[in-house]
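Read off the chains here:
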Amino acid sequence: MARRRLINRLAAWTIAAVAFSAIAAVALIFLFVVREAVPLFNSAEVREEVTPAQMVMPQAWKEGAEPSFSWQPASKVPKYSLAPLVAGTFKVTIVALLFAVPLAVFAALFSAEFASSRLREIVKPAIELLAGIPSVVLGFFALMVLATFFQDTFGFHFRLNAIVAGAGLGLTIIPVVYTVSEDALTAVPRAYREASLALGASRARTAWSIVLPAASPGIFAAVVLGFGRAMGETMIVLMASGNAAILSADPTVSVRTIPATIAAEMGEVVVGGAHWSVLFFLGSLLFLVTLSFNGLGGWYVARLRRKIGGTA
Amino acid sequence: MRFSAHQRANAAFAGLTGSAALVILLALAVILGDVAVNGFPRFSWEFVSQSPSEGMTAGGIFPAIFGTVLLVLLMTVAVIPVGVITAIYLFEYARQESLFARAVRSAVYNLAGVPSIVFGLFGVGFFIQFVGGNIDRFFYDGRVLWGQPAILWASLTLAVLTLPVVIVTTEEALRTVPREHREAALALGSTKFEAIFKIVLPQALPGILTGAILAVARGAGETAPILFTGAAYFLPHLPTRAYDQFMHLGYHVYVLATQSPDIEATKPILYGTVLVLLLVTVILNFLAITLRSRLRRKFA
Amino acid sequence: MTSRSALPSVRPSGPEAAAARPLAPEASATFPTRASVAPRVVARIPPMQIQTTPPKTKLASEKLELFYGEKRALHGIDIEIPERRVTALIGPSGCGKSTFLRCFNRMNDLIPGVKITGRAMLDDKDLYGRGLDVVELRRRVGMVFQKSNPFPKTIWENVAFGPKILGEKNKGRLDEIVERSLRNAALWDDVKDRLQTSALGLSGGQQQRLCIARALAVEPEVLLMDEPASALDPIATSRIEELIHELKARYTIVIVTHNMQQAARVSDRTAFFYMGELVEYDETETIFTNPKERRTEDYVTGRFG
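Residue numbers (this note's numbering), protein chains in the order written: chain A, 1 to 312; chain B, 1001 to 1300; chain C, 2001 to 2305.
These aren't lab readings, by the way, just hints derived from the structure by calculation. For glycine and all other residues, C-beta sits at the position ideal for the given N, C-alpha and C. Incorrect hints may have been included.
[Unchecked claim] Just so you have them, the derived chain A footprint on chain B, three or more residues with Cβ under 8 Å:
(1) 1100-1111
(2) 1186-1193
(3) 1232-1239
[Unchecked claim] Partner residues are not named here, just some residues of chain B that face chain A (Cβ under 8 Å, in silico):
(4) T1017
(5) V1082
(6) I1088
(7) L1163
(8) V1255
(9) V1274
[Unchecked claim] Within a straight-line C-alpha distance of at most 25 Å, the following computed DSS-like cross-link-like pairs (lysine-lysine) qualify:
(10) K1192(B) to K2147(C)
(11) K1198(B) to K2164(C)
(12) K2147(C) to K1198(B)
Could you put the whole structure together from the sequences, leaning on the hints where they help?
Structure representation (structure tokens):
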């Protein structure tokens, strides 16, 4: 009996200790990614090559040259302007959302309001399957098939550009936006629909004017979550964006994002050097921004569930 | 008047939303179809059992398959116990309103949202530089053995990445075990530990298996985290030690697709590799999805 | 009805009861249903009264209060439950009878936010006192639940589960325990040829008797039964009731039931709960034929609940 009690006690402690690993993981990720970025702020050697101010402000790279934003870490005078990368990341992300959100939300509306249960049984697993396709395969698809198709159709000057990468990226976030939106739509109380239909509104009218607005906070959360996901995605943009750090609003030119920059350059940097620290700084930035987007989206979803479902 | 305004509006709206769903399904079909059509001609026993030759334009991809499988196995060994036990804590032990439980829950949620490339940086900064570097310093007089990219570090990085998948599915599996069975076991004088490990866990096993499959599928497909924690483009030997580097299907696809000097010559191999990777992940996902929906139906 | 004054524990309780007593003879005539409610019990009155040494108290509570968060679910319950007798807890839904039952094996511990004050005792030992081993307590106080809950394992595994966790590894001895427990639960003849088949293949009544056998296998002293027959058909119910009757020779049994006929048929003593209070606790025949409290009378005659 004493032995069983001891085992029980020990097990409870061990289990709680192991559960701590999840907290430890997040803390360690933050700590060890940020740690490698710190020399930017306190190492004289690193600051000789680049300072945070140089990363943010436009720089005149030659005597008398126009100050500009430029990312060329491997050139003789390494240039570390973050602006092209930040702008590129947002540009691709927005393109991805423009592709994915209408498709995913409409498809969710279809599943929730119009599809027969048999059709739903096809759509839902198919979209789950889409979520299961490795991003390197989607990147490959964007690179080999989409890029050619888009160039042939629209005659883009750059074969790889923000539109191709954004379309590929859209494929990864469709499942997220779809799933969260569908949850939000099905959570709308049936009484709303019945009331609207009883007043003589059509099903289309009901879906558009009653159900969609009622679910809009959830759909907003879906978009926020999709945004966070798209921003952090690496392989697709690495393969299909062209990776040129050009500061431009034009979606048809090549573009370089923060995750793709880390992925492309991390393999060649000197451990502990200025470039190394800048890449970790980019990683920290990415970590914090996606974390806040996810936090915002998740908080919204949780609040919504409490409001509609009564339980979290 | 054969159709009322209502009916027309309904049909139009159903058509509009339905075509959105159709576009998504079509995209999926095009991806799978393109890979299948271009990949199958290359697909053969030789392709999956031989090493690459002639500068990646001939031969097979066996080392990449081997590396991926080994990587995922190591990852599974690391992530399943930790993930399952964390889920047991959250579902069976934690007082839901306690600060610690809420912190664990929010950590799991946030972990799931961390971009995969950040996991790669974490693998470099923590596993390779910190853990590996210190092992070298203390046990090998600074000779670099562990402080460099290796299959062990890549698999542990992936284990951290897939942790939320395992935790969430295990919790769902525990939820399907009726409360009455826990009560019955406790009322017979079993300890909480005995009730959970002898009565609850065996019943949750199919669900936990689903989680494991999902984690494996996810781990097998992730490429960004292993780019600089252990994957190599070409190695003459298979990895046999924990600090060896390894070849990997996803990495193989990436390098062949973006850095090949002669894309037309490598294209068949490229498509063949994508097909293998896709088959592995799609089959695993399909397995997990059907298993899960069967479980859900059973316990709904 | 004349035997009323000879009953062992007549204590005037409250003005209402006192006022009701003189009316009792007329009342019994006005409510003929009472006699039909518990004919067998009435017939058993004489032997009960002959008993000279009152049975030892097995379970007891003193000023037991239970709170779900802020809400008080049990209001200062005092009770003494005799050894090797069947005690029934009756009352309308939500009156606290199940909650009270679960205080004696501390199953309420599993519900978050439950707070208990006062005392609950097994053999004069405080169940909520310091140093009490809940696991050992639950071994000594078995429980049968409202919904039969066999594990999704074989019949043999179900019964052997308890002894096994208690450390019995010998297959032969486990076989003996399984057989004895199944016999005691009147299930042996039904299942002896299919011990290694799934318990989920049994009928509802058989499953509930299996749960009783499973509880008996760890040799408890007390059996708590929480509406054990509420989900069963009449034939299965009567088998469970017969079983309870046989088991009381060796076990102290406390049974929660919403079925008054059942309480009258199987129990020796009955406690009536209403809105978290123990309204009346007495010999079963007294509760059903001559209750002292107006609320008890209203309930047993079917005027509410």
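Results for each hint:
no.	hint	in the structure
1	1100-1111	holds (count 8)
2	1186-1193	holds (count 3)
3	1232-1239	violated (count 0)
4	T1017	holds (4 Å)
5	V1082	holds (5 Å)
6	I1088	holds (6 Å)
7	L1163	holds (6 Å)
8	V1255	violated (10 Å)
9	V1274	holds (6 Å)
10	K1192(B) to K2147(C)	holds (21 Å)
11	K1198(B) to K2164(C)	holds (11 Å)
12	K2147(C) to K1198(B)	holds (21 Å)
Comparing the model with each numbered hint stated earlier shows that hints 3 and 8 do not hold.
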